[in-house]
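Each chain is listed here by its residues.
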Amino acid sequence: MAKQTDIQISICGSAGDGTIAVGDIFKRAMARAGYRVIAFDHYPAEIRGFGKCISRTRISTNQVYSMKSYSDVLVSLNDLHAIPHVGEVRDYGAIIYDSAPMSAVAEGAHISGHLMPGHLPYALPIRELSELATGANRSRNIVALGFIAGLYQLPQQAFHQAIAAKFETKAPAVADTALAAFDSGFKSGSSTYKFDDVQIDHSRARKNGGEVRMMTGNGAIAHGCLEAGIETFFGYPITPATGIMERLAVEMPRRGGRLVQTEDEIAAISATIGAGYAGARAATATSGPGLALMAEMLGLGVMAEVPAVVFVSQRGGPSTGMPTKTEQSDLNLAVWGGHGDARRIVLAPTNVEGCRRCAARAFEMAEKFQVPVIVLIDLYLSNRYETVFLQGEDNFLPKNWQRVGSSSPGDNYRRYELTADGLSPRCVPGEAGGIHTATGLEHDEYGHPNDNPDVHSLMSKKRHEKLHDAMKYPGINFTKRFGDKGKIDVGLLAWGSTFGEALEAVLLAREEGIRCAAMKVVMMSPLPTRPILRFCNDCQQVLVPELNYTGQFANLVAGELGRPVVRVSHATGAPMDINYLLTAIRNAAKKKLRSKTTTSNPAKA
Amino acid sequence: MIPEQPVYLEDKVDEIRQSGRLAYRSTALPTWCPGCGYYSMTEGLVNALTELRIKTEDTVIVSGIGCASRFPFFMDTYGFHTLHGRALPVATGVKVANDKLTVVAVGGDGDGFAIGGGHIPHAARRNVNITYLLFDNGIYGLTKGQVSPTSATGFITPTSPFQNRDAPLNPLLMLLSYGASWVGQAYAGWPHHLTQLIRQALEHPGFSYLHVLSPCVTFDKTDRTYQNLDLAVRELDADHDSSDMAAAMRAAADTSTPMLGLYYAEMRETLGQALDLIAARAAGAQRIKRATTRHRQRKAPA
Amino acid sequence: MPSSTHHVVLGNGIAGNHAADVIRKRDPNSRITIISAGALLFYNRYDLPDVFRGRHQWVDYLVHPPEYYESQNITLRRKTRVVELDPQTQTLSLAHRETLHYDKLLIATGGHAYIPARLLDDVGLMHSFHNFRVAMQVQNAVRKNGTVIMLGGDVMGLDLARTIIATGHRVIVALDNRTFWPHEIAQSERARYLQALESMGLDIWDHGKVDHIEAGNSKGPARQVFFEDGSEIRGDVVMPFFGLVPTVDFLATSGIDMERGILVSPQLQTARDNIWAAGDVCQIWSATSNAYRFYYGYRNVKMMGEVAAYNMTGEQSAFESTVDEALEVTSKGLLHSPFWEYD
Amino acid sequence: MGNERVRKDYLSEDEDLSQLQYFGERVVTTVRFSTDPRDIGWVRENVPCQAACPADTNIPGYIRTIVEGRYGRSYELNRIANILPGVLGRICSRPCEPVCRHGWPGNGEPVSICHLKRSAASLKAESHRISEDLYTPTGRRIAIVGGGPAGIAAAHDLSILGHNVTIYEREARAGGMLRYGIPEFRLPREVLDIEVQNATRMGVTLQTGVTVGCNEGDIPLSKLLDRFDAVLLATGCMAAMPLPLRDQLDGRDLVQEMPNAEYGLNFLLDLHRGEKKTVGRRVAVVGAGFTSLDCARVARRLGAERVTIHIRTSENYIPVMDEEILEAKREGIPIRGLRTPVALQVDDNGLGTGICFVQNRLGGWRAGGRREAIPIPDSEFVEPFDTLLVAIGQRSINDYLDLPVELDRWGSVRVGEDGMTSVQGLFATGDFVNGSSTVIEAIGHGRATAGKLDSWLMQRVRQRKVVRIEPVDKPVRERQFDFIERQSVPTATVVDRFKGLTTEVEQGLDTDHSLEEAKRCYLCYLKYEIDVDNCIYCRACIEVAPRDCIKLVEGVEINDDGTYGELQETNVWRDTAAIWIDNDECIRCGACYKVCPTRCISISKNEIITQSV
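If you're matching them up, the sequences are chains A, B, C and D in order. Here the first sequence stands for residues 1 to 605, where the numbers follow this note's numbering. Here the second sequence stands for residues 606 to 907, where the numbers follow this note's numbering. Here the third sequence stands for residues 908 to 1250, where the numbers follow this note's numbering. Here the fourth sequence stands for residues 1251 to 1863, where the numbers follow this note's numbering.
Some hints could be false.
As the list claims (entries may be wrong) - Subject to a maximum C-alpha distance of 30 Å in a straight line, what follows is the list of computed DSSO-like cross-link-like pairs (lysine-lysine):
hint	chain 1	residue 1	chain 2	residue 2
1	D	K1715	D	K1855
2	B	K826	D	K1801
3	B	K617	D	K1801
4	B	K617	D	K1844
5	B	K826	D	K1715
6	D	K1724	B	K826
7	A	K591	A	K68
8	C	K1126	A	K194
Claimed, not checked - Looking from chain D toward chain B, a few residues come up when the C-beta cut is under 7 Å (computed):
hint	residue
9	V1782
10	Y1787
11	E1793
12	W1823
13	R1824
Honestly, the hints are just simulated from the structure, not real lab data. Model, not experiment: these values are computed from the prediction. Every residue, glycine too, gets a C-beta built ideally from N, C-alpha and C.
If we strip away everything but chain A, and leave its shape as in the complex, we get:
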């Protein structure tokens, strides 16, 4: 069929069923096979035991940036957890479950009793197959995986490699077992008559899948850090940002980088600022609660003009909130958080590829503009997988800060020299002639404390205006418009992970004939108001979808543009619901029609 591949597979199980692991193998295998992948796992806040795990993977011929609102296939490794998710499978989608559970189940406790009439059941003796193939039932997940691969005739080779890679650190026997389980699943999948209408267009799979990498937002950030030659990282574990540190903990030492787990977020940002001051490419990563703790030190970074990169992955708040749920409610904190006029750069990538690019560029920008840079993502983006091209690498700049300003080291050196663009010559410890004291106190050009009114106003101006050029920084699209060109009925102004859903919704809306477009905004601070305003002026209505209750981005935009926008806030802890968004678009379009009819007539007359 000509139809391009675009399927979403959900694997649902209980912690310990290897749900996430098998989902991981699946998406990596699909990436190897050359499909574009986006995946988002849901796992429980509980450390161990029976929490629900869902691994959702959407594979497509061309990269997409959001999950579908429905799944095409659901695999149940644990019916109790899977049953509530049966409804997310579309009509004529497939549901795969174990037809031979180990122990008797109470009435209604088996998923087969919960399928919707439109679903296609695949009752598979998963456990038995696992035991048959491996002598144990621990490989149920991989049997199921094999079954899917077999059922849809996915390339076995890719899965073999993915499994091998997955278990390469374990004893060889582990991988052998896994492979055996997979093959048995694959066999039964291949021999099962396929009723569902889940279609995969094998012809369109890129044959040279190797150059495509599978990454989470966290992984991409880590990757970007490494590409940027990160030298030091200080972090404190916090969901959902921990993954960044864990990845770097493995990779940085191999490249001579240094990573220290600090005693708290305050220490983490402190050490990062310290390292930045000392000239290292330094970063830390945290989530909302951690960022709140870091606010004060960020103020210091701004005042002392010390480069530092802070990766923030938002989660449900306030307070401890919902550590394993996603939300975009730390925008205010990231942009305004802290005391005083502490303007900093805030980047909010909208997809995994963006995470990597922003992460790498963040170091360059922090260095160039001598200011802390916050890269703001959320749990959804942190944990979701996407395939990322590493082909045609953006060539990220190596560490260097040009000597701007007239005063050169040694010769009447002024660390905070007032220059045209507000950027001052930076020296770091070890450089003779560059000696200075960085301080959180207001200071003169030499860095000497000075609270004289002129000095304060001049320096405040410097600290703010030097960031104007940040909006021109090459290598990142700080804003980008998608969808219909020119005047449109509905425009979506979206940021962060939500942009993916916004784009999806816009595409669906256009299929319904609504003239609409979406603009992604990647730079939150300073806000690139000019392009945003241009976009808004093209729109009858501007919707700002975001995952928070108060509409923080809407407030930011409305505030800076002085233009009303429609808040489409969605604070459930889940990614933006495409249908919800679609409805909002429809309504906006309707409203616009009404207003047109009422207003246009007198205009004509």
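Fit chains B, C and D to the supplied structure of chain A, relying on the hints for placement.
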């Protein structure tokens, strides 16, 4: 005192000029209260750095908030005046970023043990190779004389008008139990002794903690004055074994007559060494891993 | 009356689905569960021959769209096999080790192809036609202008044969005493009926009993059938059409009276309370013939389902067949069976 | 009186920490002696009183010993310098007091150094024994012409140095001006007698009533020169300066011709030789020096009703201590200023009736803080008198020289660096060389010349000045001392004074007042120094300093003569090589010493002493 050999001030002055000591000073005059022990600490550090021939550009002094916060401004070394209680983590960052630097964190008892108290144990256990000069005057000087974690019980201040009822901390015992690899105590009134201890602290590879007793000449005229400290302090017994933790703790426990000198010192892997080791291990691990991967891929298609 | 009565219907066939339909009408609030061993929603098996006419989408065979089940609030459990029935506790044991409680149970599991014992070894080499999936397999297995070998040749087979021949294939019927099942054919009449078959385009192969079946070699037809007299024929598929046997294996321990099928009263009531049966699975007491007998054909089965449904919901009506069961030869000399008719 | 406490502070060996607020123990190292120009220069510069004293008196030294109650030692310290403490404690012109640091702007009144000298002399124990460091006899013979202060001082020193000294004194008794010029109510003769006796009793031969001169009966100078290894002329200025008058023919001196007019000097000399002097009802005294004041006051005591002193400028500008002027006024003697005598009115029988003055206005300054007086034309007026005493100055007499001695253009002998005149072996000293000056200057000069003479005789320098540097283990002053008022000296009532010529006017300070006054002294010879090795540059000292006396310095200039020059002040931290106590500004209050957290401030006593070599 008049030395046996006639010493003329201007000769001394020339000597000082030649010594290069002054190069470590900034141009700005220190703004501490006259008589403040910080001057003693400054000179001690200046002299120690001079003796050790550490280049000014290779020295970084990190301060938090409090009377110590201005410390870097009075030195012509690299300096970082950071936030209340955060000198240690920032210093750690600087050191991790560049091991070649000589990093000195300075702070007061409030900065160190109140708001920053959480950082000390970790700097100590990590054994990050920096020197922490803690200036203990048992009071918040910058905010005009409130009680601090090391204020004596019964101390009366604007925030403890009916006497401070809290028991003071025993910083030396804390640091010893935190596993600081070098713990010493000095007294601002003994500048030569202080200098020597700072020198040792700087030379020690690892986290060196020097507790510097000093009065607050402005806000404490009654309790911890130079007079009282002069009478109270004494040197550690000549036979004190600085490798004997128990002995060090016994000495530290005696708060009535604070003893000055090196309490405890041990050689231990520093954070820098640890990170290098990790890097080496990581490099090794990578090789092993590739091997297994190849092995897998041969097998997989079967 | 708001009823939480759980009506469980075993079988996703004509009887079961019509019963469910009636139960819903008569008791809008009751719980209705249909249990099906198959994967699909209710579809009309009488249409299955169309697979030879290029009707390959199972969706096209559905009697009801998915929405129907939602609107009727009928739960359809597919891929679900019942392994045991316990009338005492009114529970069903399902293959996946779930138990299901019922208040009123209708057994409409129908029947499945009868395979003579001597052919059991060769089951793997024969194609059945009882559901969409196997029907598709047959359709796939038969080459263009290929040959289909039908063993026996009951009315279902003959019905299928009509389509296969119409789509340009050849059908060989290996005669047997169950040919024309379930019609009882007097020896005297037999030749006339065979005549009619031939005039319908079937090839008659009258060489007695089949000895065994073999898979053909790579080239050439896929199957060879050897007869006891040493003769052999070749074709793409071999399909057994020896009539049906009721699907009642899971009732072994249930203590329900059975002969070949489930023995029921004219009200389709089994010997057990709250259990009815309908369709090909049951033998109904006939006062006229003083015997328990089977009734076949779409209309009978549909009727049984409805009667059972009425009685399950409080009626006491009896089943009476309105179908003339005679096999006839039309004026054109073609065969016609009333069991081929459905609406 | 705080007396007891203070004594305790300073005397007790075991210090009481609570009262002396300084910390820790000093390591007192040994005393050392220095000839380093920096040390000598330091004392010279930082002890202004001693620098101002012609006799180089260790003033802080003797004042401190008074505070310590060691009057005897105090007396000795004085005597080492001027050999006549009791005398100078009364009539010294006190060049030290105007320069006293305590008198500097902002510091209040100078210490009454002179009165304390007197206290030392008068309060010392009955049993006090003076000490002399005698040199072995040299056998050299020296003749000194003139037994005035200069002569006596020189004689004392030379005799101590082991020479045989003979004083030839024209008058009946030694003492010169002290005995014949100064009235007894200022200088009781018994004091003079004892001290002259003390000065001359170590083998000095006094030949009184013997005139050296050219008249018969006189001993010719040339002869002395033959008989002695050296001769020292110390004949002072024993002649009055003539009053220049309009239309006064050459050679004539109306003052001498007039019976009721006289030169003040002669008036006093005669008086003290025992002549019976009388004065009229109205006495006009012309002149602005001690002599004129003495004449006026004597005249009052002799019964004159109206005694007026006429001076050319005004009393602010005359070389007399205010006390003297004050006492004169108390005694009812008005001083009339801005007038210059131009003529005398004489009646038929040659008696002067009035003196004619021309009115002056003040002009520019002259050397020594004197003012010009510029006559106003046609402003003459006449003051009538019964007796006129003229004391406008004195000059030396050298008509007795029978040798060709080189003179300068004022007619006094010219002496070289070595104190010798143009004639080999002939030395001259005192007013005879310098012109009319003060007693202390005469003594100082006499002793200086004696030293030179000795060197010439012995062909080598036998004595030198060195700085004695002694550590002081604590500040000996307290800031509150700086606020003690200058103690005024009790004087006799005017009634009592006029009972006779001998009633001493100034009674001197008693023990308590002496102590109080002595406490005022800054003890400038104490050197406060910061040990930069120990200094933490905390500037606590600067904080407590009462004046701008402690400075941040890059260094200090050294003058060509090797003494300290200007401090190179800075306020740049990096350039601050030392914190330096500017002893020029220092008032030795000890505040810095007490506040220093590291005890890096040291105190040393720096005294110039004479050391034999």
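Okay, the hints, checked on the actual structure:
1. D/K1715 <-> D/K1855: 16 Å, holds
2. B/K826 <-> D/K1801: Answer holds: B/K826 to D/K1801 is near 26 Å, not above 30 Å.
3. B/K617 <-> D/K1801: The given pair, whose Cα atoms are some 16 Å apart, holds under the 30 Å limit.
4. B/K617 <-> D/K1844: Between B/K617 and D/K1844 the Cα gap is close to 23 Å, so the pair holds against 30 Å.
5. B/K826 <-> D/K1715: With a Cα-Cα distance of about 47 Å, the restraint between B/K826 and D/K1715 is violated, given a limit of 30 Å.
6. D/K1724 <-> B/K826: 23 Å, holds
7. A/K591 <-> A/K68: Given pair A/K591, A/K68 holds - Cα atoms ~27 Å apart, limit 30 Å.
8. C/K1126 <-> A/K194: 28 Å, holds
9. V1782: Nearest chain B Cβ about 5 Å off; hint holds.
10. Y1787: 6 Å, holds
11. E1793: 4 Å, holds
12. W1823: Holds: closest Cβ of chain B sits about 5 Å from D/W1823, inside 7 Å.
13. R1824: Where the cut-off is 7 Å and the nearest Cβ of chain B is about 4 Å from D/R1824, the hint holds.
Checked against the numbered hints above, the structure breaks only hint 5 and satisfies the rest.
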